[in-house]
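J.: All chains, full assembly: derive it from the sequences and hints.
Line order of the protein sequences matches chains L and E. Heads up: the first sequence at position 83 corresponds to 83 in our numbering, and the numbers run straight through without jumps. Heads up: take any position in the second sequence, counting from 1, add 115, and you land on our numbering.
Do not take every clue at face value.
[To be verified] Computed list of lysine-lysine pairs in DSSO-like fashion (alpha-carbon distance at most 30 Å, straight line): (1) E:Lys185 <-> L:Lys71; (2) L:Lys9 <-> E:Lys185; (3) L:Lys36 <-> E:Lys182; (4) E:Lys182 <-> L:Lys71; (5) E:Lys182 <-> L:Lys41; (6) E:Lys216 <-> L:Lys22; (7) E:Lys157 <-> L:Lys36; (8) L:Lys67 <-> E:Lys185; (9) E:Lys182 <-> L:Lys67; (10) L:Lys52 <-> E:Lys216; (11) L:Lys19 <-> E:Lys157.
[Claimed, not checked] Simulated DEER-style distance windows between Cβ atoms: (12) L:Lys9 <-> E:Asp122: 44 to 54 Å; (13) L:Ser80 <-> E:Arg175: 46 to 56 Å; (14) L:Asn17 <-> E:Gly174: 40 to 50 Å; (15) L:Gly16 <-> E:Ser184: 14 to 24 Å; (16) L:Gln14 <-> E:Arg156: 15 to 25 Å; (17) E:Ile133 <-> L:Gly16: 44 to 54 Å.
Simulated from the structure, these hints should not be mistaken for laboratory data. Note that the coordinates shown come from a computational prediction; the quantities given were computed from them, not determined experimentally. Just so you know, even glycine gets a beta-carbon here, dropped at the ideal spot from N, CA and C.
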Amino acid sequence: DTAVSQTPKYLVTQMGNDKSIKCEQNLGHDTMYWYKQDSKKFLKIMFSYNNKELIINETVPNRFSPKSPDKAHLNLHINSLELGDSAVYFCASSQSIGGSWVEQYFGPGTRLTVT
Amino acid sequence: QKEVEQDPGPLSVPEGAIVSLNCTYSNSAFQYFMWYRQYSRKGPELLMYTYSSGNKEDGRFTAQVDKSSKYISLFIRDSQPSDSATYLCAMSARSGGSNYKLTFGKGTLLTVNP
Numbered sequence: 001d002t003a004v005s006q007t008p009k010y011l012v013t014q015m016g017n018d019k020s021i022k023c024e025q026n027l028g029h030d031t032m033y034w035y036k037q038d039s040k041k042f043l044k045i046m047f048s049y050n051n052k053e054l055i056i057n058e059t060v061p062n063r064f065s066p067k068s069p070d071k072a073h074l075n076l077h078i079n080s081l082e083l084g085d086s087a088v089y090f091c092a093s094s095q096s097i098g099g100s101w102v103e104q105y106f107g108p109g110t111r112l113t114v115t
Numbered sequence: 116q117k118e119v120e121q122d123p124g125p126l127s128v129p130e131g132a133i134v135s136l137n138c139t140y141s142n143s144a145f146q147y148f149m150w151y152r153q154y155s156r157k158g159p160e161l162l163m164y165t166y167s168s169g170n171k172e173d174g175r176f177t178a179q180v181d182k183s184s185k186y187i188s189l190f191i192r193d194s195q196p197s198d199s200a201t202y203l204c205a206m207s208a209r210s211g212g213s214n215y216k217l218t219f220g221k222g223t224l225l226t227v228n229p
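T.: This is the structure:
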């Protein structure tokens, strides 16, 4: 009965490869997010979707492409992986209307290592 | 100047101590102020949030906001070893539509020693 789940938990790959991370939430929330946490624990938002619509798109290389097939899912595809992409990627969700929008529920993270 | 500044520590205290964690910010548009706790290799979890200046208490935790000084604090009373974690402050300002973007501090690593 995990609220926000991510797959895979660990991802080790070589430079230049393309990889995807998947996120699912079973909280019935209408907003989902991708965050990147670097080696110094700095957590920074990358993207946010509300009802499958992209609403936040921070300064992120266009090698990163989010996709939201429905309100409960948000995937992140990364092309041509670089060493600097190594980080922990967190998915989160919240309810923007009629809910506690400020409370974002985070997934367990996907630890990406690019070699 | 970064929007949110937080001393990364590390901070090490004995069990039972009162812990004070702080953040400063520069963006006057921030309306809501949050504290997240993150255990090692886990996702952040929301501890408390507030949107006004003053204090908010929840058990052993007290969040304090001073908007005039752009300064927020989290106090932990009677700290326990289970409080050992990284504490992240976060702030939000409306960001398009009806959704809010969270801007995080860098986090303070706290260790409570038995």
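J.: In this structure, is the beta-carbon distance linking lysine 9 (chain L) and aspartate 122 (chain E) contained in 44 to 54 Å?
T.: 30 Å Cβ-Cβ, so the 44 to 54 Å window is violated.
J.: Does lysine 185 (chain E) lie within 30 Å of lysine 9 (chain L) when you go C-alpha to C-alpha?
T.: violated (37 Å)
J.: For glutamine 14 (chain L) and arginine 156 (chain E), compare the CB-CB distance with the range 15 to 25 Å and indicate the outcome.
T.: Because 24 Å falls inside the window, the suggested range holds.
J.: Measure nothing beyond the straight line between the CA atoms of lysine 157 (chain E) and lysine 36 (chain L); if it is 30 Å or shorter, mark the hint as holding.
T.: holds (13 Å)
J.: Compare the distance between the alpha carbons of lysine 182 (chain E) and lysine 67 (chain L) with 30 Å, and conclude whether the hinted pair is satisfied.
T.: Cα-Cα ~37 Å, so violated.
J.: Glycine 16 (chain L) and serine 184 (chain E), beta-carbon distance inside 14 to 24 Å?
T.: violated (49 Å)
J.: Does the alpha-carbon distance linking lysine 182 (chain E) and lysine 41 (chain L) stay inside the 30 Å limit?
T.: holds (26 Å)
J.: Against the 30 Å threshold, does the CA-CA distance of lysine 36 (chain L) and lysine 182 (chain E) hold or violate the hint?
T.: holds (28 Å)
J.: Holds or violated: lysine 216 (chain E) with lysine 22 (chain L), Cα cutoff 30 Å?
T.: The given pair, whose Cα atoms are some 21 Å apart, holds under the 30 Å limit.
J.: Between the alpha carbons of lysine 185 (chain E) and lysine 71 (chain L), is the straight-line distance 30 Å or under?
T.: This hinted pair is violated, its Cα atoms lying about 35 Å apart.
J.: Is the distance from the Cβ of isoleucine 133 (chain E) to the Cβ of glycine 16 (chain L) consistent with 44 to 54 Å?
T.: Given a distance of about 51 Å, which is inside 44 to 54 Å, the answer is holds.
J.: Holds or violated: lysine 182 (chain E) and lysine 71 (chain L), Cα atoms, limit 30 Å.
T.: violated (35 Å)
The structure fails to meet hints 1, 2, 4, 8, 9, 12, 15 from the earlier list, while all remaining hints are met.
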